[in-house]
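Student: Now for the letters of each chain:
Number of protein chains: 2
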Amino acid sequence: MGISERKEREKQQRRTEIVNAAEKVFFTQGFKTATMDQVAEEAELSKGTLYLYFKSKEELHFAINMRAGDIMYEYFSKAIHTNQNGLENTRNIGMAYIEFVKYNPKYFESIMHFQIKNVDDFISGSEYFKEHKKKNPLKLFIGVIEEGIKDGSIRSDIKPEIISHTLWAMATGVFQHMSSKKLHMMKHDTDKEIDPEEYLQSFFQIIRNGISHEK
Amino acid sequence: MGISERKEREKQQRRTEIVNAAEKVFFTQGFKTATMDQVAEEAELSKGTLYLYFKSKEELHFAINMRAGDIMYEYFSKAIHTNQNGLENTRNIGMAYIEFVKYNPKYFESIMHFQIKNVDDFISGSEYFKEHKKKNPLKLFIGVIEEGIKDGSIRSDIKPEIISHTLWAMATGVFQHMSSKKLHMMKHDTDKEIDPEEYLQSFFQIIRNGISHEK
DNA sequence: ACATTATATGACCCTTAGTTATTTTTTATT
DNA sequence: AATAAAAAATAACTAAGGGTCATATAATGT
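Chains as they are written, first to last, in the working numbering: chain C, 895 to 1109; chain A, 895 to 1109.
A hint or two may mislead.
Repeated chains share a single entry, so a pair holds when one copy, or any two copies, can fit it.
Stated by the list, open to error - Straight line, CA to CA, 25 Å or less: simulated SDA-like cross-link-like pairs of lysine to any residue:
hint: 1; residue 1: Lys901; residue 2: Asn998
hint: 2; residue 1: Lys1075; residue 2: Glu1025
hint: 3; residue 1: Lys1011; residue 2: Met930
hint: 4; residue 1: Lys1029; residue 2: Gln906
hint: 5; residue 1: Lys1024; residue 2: Ser1074
hint: 6; residue 1: Lys1075; residue 2: His955
hint: 7; residue 1: Lys972; residue 2: Phe1098
It is worth saying that the hints were derived from the structure and are not from the lab.
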């Protein structure tokens, strides 16, 4: 009896359509000012139906955040090259992160939004999110660090999970800082007090060598 | 005619009282769930009066954020010792930042909240905020870095403003990451996957030496 | 004593997230 | 094919809270 399977598929489909609509509305209007009625209109559904699929506006936002994670994961996967060592691949991931932020500023905004919050409640509260946990960019990154420790390109005195978490947080902090200061990582607004190009270079340099003078 | 001066003082006083009340309410209820009526009640004023002093709930929140900046500034000032070099003082500031987050988690939350947003509109929109710009922790930090470059303890190939901005963003990213994951920098919750102690140590080590294996 | 200005009030408006009684559509049963 | 049962969708409704405004009170100036 393939009916329940088909129904499940259709349910998934609706969910996706709703997230599509929400994305459009949230990204153009901004999450705070966007209304659920607007999302309903865009999705060509009634507002009540939205709440059949998502518990709240925030949960709908979180669904977009999950997408952001997936897209970031794709950027990272493509950036990792098996013929390069761990340190090189760390830089590759860094560059991939930059590209992601550059071309998906709205998705990054969503990531920033949930960076602050404790997200566990969302995930544990919804079956959909629980099984979606797979594509974790951070996990990918931990792998690269482990690789780097093995091949000798990355220091071995700190646990790989700790290194990757730290670098991850650092990178997010830097991009956040840039993004909130509207240093768009784009060429055309160099008339700011901080040159984004220089800023990023500094980030990479510090990561590599630390701030100590001694070589 | 000292009347206008006294009136200005009283106005300032009211403002402060309102911020006190808002702080109490926001910090106990959380900013989102707290209501302006609650703040009015706490301040023993009518809601309308609040809007005579602050344009919006968000601006009131921002006033708290300014306080957070002041308090952080105090932590930093006390941490800097003129008999130590720039690199040592950088670490001192790092430790001070940790202390600040540890003992003022709510203020730090406020800082995180505005870290994401573009804050320029707030400042330019209010005379009060414009003149309050003085106590900037970041400025203090830039001075320390400059000192470090002069005394030879910090690398000189990156501009001091860039270094400090980068480290600043990195640190904020790390503390944010810890805070959102509820790794409270406190001893008593070590049963997490990441040990906060280890995390912070890693942060300092990476800052010092970079991730490269070569010494 | 009176006029004028500054400050404070609280009832009111309006938007919007979320709910629920009702209807429509789909599936199962006879 | 007709009907019962279940699932999905609707739209009118509610509640809450941010922000406003006509009105009142207090302080200052003349």
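Student: Give a verdict on every hint.
Tutor: Consistency of the hints with the structure:
Taking CA atoms no more than 25 Å apart as the test, Lys901 paired with Asn998 passes in neither setting, with 33 Å inside one copy and 50 Å between copies. Taking the shortest Cα distances, Lys1075 and Glu1025 sit within 25 Å of each other only across copies (20 Å), while inside one copy they are farther apart (36 Å). In the homo-oligomer, the alpha carbons of Lys1011 and Met930 lie at most 25 Å apart both inside one protomer (22 Å) and across protomers (23 Å), since each shortest distance falls under that limit. Taking the closest pair of Cα atoms, Lys1029 and Gln906 come within 25 Å of each other only inside a single copy of the chain (18 Å); across copies the shortest separation is 52 Å, beyond that limit.
In this assembly of identical chains, the alpha carbons of Lys1024 and Ser1074 lie at most 25 Å apart only when taken from different copies (19 Å versus 31 Å within one copy). With identical chains, the CA atoms of Lys1075 and His955 are at most 25 Å apart both within one copy (23 Å) and between copies (19 Å). Taking CA atoms no more than 25 Å apart as the test, Lys972 paired with Phe1098 passes inside one copy only; the shortest distance there is 20 Å, against 30 Å between copies.
Comparing the model with each numbered hint stated earlier shows that hint 1 is the single one that does not hold.
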